[in-house]
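Top to bottom, those sequences are chains A and B.
Positions 1 to 162 (my numbering) are the ones given, in order, by the first sequence.
Positions 1 to 125 (my numbering) are the ones given, in order, by the second sequence.
Among the hints, a few may not be true.
As the list claims (entries may be wrong) - Here's a subset of chain A near chain B, in silico, CB distances under 10 Å, partners left out:
(1) Pro2
(2) Arg40
(3) Val41
(4) His54
(5) Arg123
(6) Phe126
Because the hints were derived from the structure by calculation, they are not lab data.
A virtual CB, placed ideally from N, CA and C, is assigned to each residue, including glycine.
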Amino acid sequence: MPVTDVKQDLDNRTLTIVAEFAAPVERVWALYADPRQLERVWGPPSHPATFVDHALVPGGRTTYYMTGPEGEKYAGIWEIKTVDEPSGFTFEDAFADEDFNALPEMPVSHNAYSFAAHDGGTRATFVTTYASAEALQQVLDMGMIEGATESINQIDAFLAAA
Amino acid sequence: MTGRKQDEDRADALFHALADRTRRDILRRVLAGEHSVSTLAASYDMSFAAVQKHVAVLERAGLITKRRVGREALASGDVEAVRSVRSMLTEIESLWRGRIARIDELLAEPNETGPNATGPNQRRK
């Protein structure tokens, strides 16, 4: 099981995922540096990703989109902040329109990925933080409306948390 | 066991509370921060008593809590906010688990750039 730890920090709106891979740090870095490999892992099978521009350099701007089952496209932009090859990089991930203009009304997340040698393989730590209370509030609002109108799962989740 | 009936009653109260547009709007406001009932009432084109009734329905459903400071009734929705955040983070977590499984799979493939590379898919079992 490659995922070894998951932490939700509700106060800081942060999700931390720790995974261990049976490959050296340089190999894991190469996956993230190569858009052709990255797009094979980024989107779920129902929404495969296509990376258009991608270079892991500070100030770099990655553009990508995911394609849904009906051909609908969901675009995103990474603004690469810091790069420390092969130990990690940080970036902001924003939603975009189809011409890769950031959608200012959509939530932005800050991401820090780091890779460290561990037991002959790599321990990867992925930290995702929502940038502002507003961003989170927005996702929250969407969740509440969903909860009012949709899926039975949502009801169960409410009750399980009660 | 009364647990099942209590769950059903609670679900009824929750969905009754959320089935009204004004109540959803009130809930969004108090999730963002504590509001006095009179401040809330000023935001809607209806009587104070009507807004107070909506707040009471939300309170009975456990979606908001009220406390009294002097003559003011202050409503907040923090607890449910945290629960919503949790369910959102859980969704993102499951996306991550899938992604990490795909990374693991890709890393297990023979090195495509090595001297024995035969292309990305030809050597997969």
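Please verify that hint: arginine 40 of chain A, Cβ, nearest Cβ of chain B, below 10 Å or not. holds (6 Å)
Does the closest beta carbon of chain B sit nearer than 10 Å to the beta carbon of histidine 54 of chain A? Check failed: Cβ of histidine 54 of chain A comes no nearer than 16 Å to chain B, outside 10 Å.
Hint proline 2 of chain A vs chain B: min CB-CB distance below 10 Å? Nearest chain B Cβ about 5 Å off; hint holds.
Does valine 41 of chain A hold up as a contact with chain B if the rule is Cβ-Cβ below 10 Å? holds (4 Å)
Should the interface hint for arginine 123 of chain A be scored as holding, given a Cβ-Cβ cut-off of 10 Å against chain B? Violated: closest Cβ of chain B sits about 12 Å from arginine 123 of chain A, beyond 10 Å.
Using Cβ atoms only, decide whether phenylalanine 126 of chain A comes closer than 10 Å to chain B, and label the hint accordingly. Constraint on phenylalanine 126 of chain A satisfied, holds at 7 Å.
Violated hints, in rising order: 4 and 5; the structure is consistent with all others.
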